[in-house]
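**Student:** Read off the chains here:
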Amino acid sequence: MTTMPASHSRHFIDALDLPPAKYADLFSLAHRIKDDPAAFSSACSGKLMATLFYEPSTRTRLSFEAAMLRLGGRVITVADPATSSVAKGESLADTIRTVGGYADLIVIRHPKEGAAKLAALYSPVPLINGGDGAREHPTQTLTDLFTIVTYKGRLDGLIVAFCGDLRYGRTVHSLIKALARYPGTRFILISPEELRLPDHVKGEVLDLREDVELHETTRMEEGLKQADVLYMTRIQKERFFNEEDYLRLRDAYVLTPGKLRAAKGDLIVMHPLPRVTEISPEVDEDERAVYFQQARLGMFARMALITSLLGVA
Amino acid sequence: MLKVDRIQVGIVLDHIRVGGGLRIFKELGLAGQEYPVALLMNVPSTKMARKDMIKVSEALDLDLTKLALLDAGITVNYIEGGQVVRKVKPGLPERVVGLIRCKNPRCITSTESYSPSIFTLVDREAKRYKCFYCGEYVTV
Chain A
1 MTTMPASHSR HFIDALDLPP AKYADLFSLA HRIKDDPAAF SSACSGKLMA TLFYEPSTRT
61 RLSFEAAMLR LGGRVITVAD PATSSVAKGE SLADTIRTVG GYADLIVIRH PKEGAAKLAA
121 LYSPVPLING GDGAREHPTQ TLTDLFTIVT YKGRLDGLIV AFCGDLRYGR TVHSLIKALA
181 RYPGTRFILI SPEELRLPDH VKGEVLDLRE DVELHETTRM EEGLKQADVL YMTRIQKERF
241 FNEEDYLRLR DAYVLTPGKL RAAKGDLIVM HPLPRVTEIS PEVDEDERAV YFQQARLGMF
301 ARMALITSLL GVA
Chain B
1 MLKVDRIQVG IVLDHIRVGG GLRIFKELGL AGQEYPVALL MNVPSTKMAR KDMIKVSEAL
61 DLDLTKLALL DAGITVNYIE GGQVVRKVKP GLPERVVGLI RCKNPRCITS TESYSPSIFT
121 LVDREAKRYK CFYCGEYVTV
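Protein chains in written order, with our numbering: chain A, 1 to 313; chain B, 1 to 140.
Each hint should be verified, as a subset may be incorrect.
[Said to hold, decoys possible] List of simulated lysine to aspartate or glutamate pairs, EDC-like, C-alpha gap at most 20 angstroms: (1) K202(A) with E136(B); (2) K259(A) with D228(A); (3) K130(B) with E213(A); (4) K26(B) with E58(B); (5) K88(A) with E112(B); (6) K259(A) with E216(A); (7) K177(A) with D14(A); (8) K130(B) with D14(A); (9) K130(B) with D17(A); (10) K177(A) with E136(B); (11) K47(A) with E65(A); (12) K202(A) with D123(B); (13) K66(B) with D5(B); (14) K264(A) with D245(A); (15) K225(A) with E287(A); (16) K264(A) with E221(A); (17) K130(B) with D228(A); (18) K177(A) with E213(A); (19) K87(B) with E112(B); (20) K130(B) with E204(A).
Since the hints were derived computationally from the structure, they do not count as laboratory data.
Treat the numbers as computed from the prediction; the structure is a model and nothing was measured.
Isolated chain A (complex conformation) (with noise of 0.2 angstroms):
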């Protein structure tokens, strides 16, 4: 039997590890770092971040790899885990802990659900989980209400329409749950039958707040006229049995300038990307879509956890 260490009390490993205050803490440090970004320029200077992706990322890893060089920190990183020391059968405990030993920090994904709290159960440094399997995404969950503060000012109080594969889609799960700790947040599920939100996290959004709103429809035009945001998540083809079903449903879930005619001013059109087929390019002409500028805040917004994490802020 492995004796185990104690968990490092400074890990951001679940979307709920954070209390609310926590994370308007850390939505103030962004706010800084993205008005004055030369200010921070150097505030990691002498600090090493890890990044250990065991399964292929792009987004996820150059907006960490961006956010650490733009401290003035340095990154090292695991090339390809197939030629590493998994390779090799060396254990995650194991890997965690050299690797540990040479950095400040390290961020891991990986494909198996829970294998960033396995990890941080073993790290010497604060770590951050990039992503485990389908369970949880943390930083794409503070990226997300990092945008969604900053173009709507608050948290609360807001009617957030998700629309597309609510029934697989992690990233939708996480912020559901996330939101529903605020005051006032109404939801409203758009999406096809097939797809519907599982029960099982209705049931952890009601355990958040009891008295929380969701309503369901499969009509997007109709969640679309009260949503003060917009989160579109894609239609995945290999979720269905046959294809003729996947292209009658994804096409009723296209967003179109057509469409958001009917929206609010100012609503506000998120995404977690990749995009495909779920916009339409000319909405992207639209002021309301904040999509890219959500993928760019979340460099700010992981900015600021790294300086916290390591205590540098």
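With chain A's structure known, arrange chain B on it following the hints.
**Tutor:** Same frame as chain A, but now just chain B:
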């Protein structure tokens, strides 16, 4: 008839499902202890027809938190001065390390053999546990 002496101080694990005694003996780490231990198998029982029993002499501080998971029907008898001073039906432990296997094939514990599984009790009535790592529920 096989005869095992009455113990003066110790623990008797009674009403073990027949055939389950050896596993419990192993899980409690009784092999290699310095105090006398007896594993009795196929003991005639009026209640169960046949049962297994474990007698542990001299030790009163065994960690028995796993017992309810291994066999819910066990009775723990604490012996002092040759008499049963307390009978206990062990309850489900709040936290179980290494005994329950997570059924979720996507859970990190399915491939990471170094770290033991960790489960926490979420519903005592329903005997439901939750995997610390992936959140999967299991009923024991």
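**Student:** Look at each hint and say if it fits the structure.
**Tutor:** We went through each hint and held it up to the structure:
no.: 1; hint: K202(A) with E136(B); verdict: holds, 16 angstroms
no.: 2; hint: K259(A) with D228(A); verdict: holds, 15 angstroms
no.: 3; hint: K130(B) with E213(A); verdict: violated, 27 angstroms
no.: 4; hint: K26(B) with E58(B); verdict: holds, 18 angstroms
no.: 5; hint: K88(A) with E112(B); verdict: holds, 13 angstroms
no.: 6; hint: K259(A) with E216(A); verdict: holds, 18 angstroms
no.: 7; hint: K177(A) with D14(A); verdict: holds, 11 angstroms
no.: 8; hint: K130(B) with D14(A); verdict: holds, 16 angstroms
no.: 9; hint: K130(B) with D17(A); verdict: holds, 18 angstroms
no.: 10; hint: K177(A) with E136(B); verdict: holds, 18 angstroms
no.: 11; hint: K47(A) with E65(A); verdict: holds, 13 angstroms
no.: 12; hint: K202(A) with D123(B); verdict: holds, 19 angstroms
no.: 13; hint: K66(B) with D5(B); verdict: violated, 27 angstroms
no.: 14; hint: K264(A) with D245(A); verdict: violated, 31 angstroms
no.: 15; hint: K225(A) with E287(A); verdict: holds, 17 angstroms
no.: 16; hint: K264(A) with E221(A); verdict: holds, 12 angstroms
no.: 17; hint: K130(B) with D228(A); verdict: violated, 36 angstroms
no.: 18; hint: K177(A) with E213(A); verdict: holds, 12 angstroms
no.: 19; hint: K87(B) with E112(B); verdict: violated, 39 angstroms
no.: 20; hint: K130(B) with E204(A); verdict: holds, 14 angstroms
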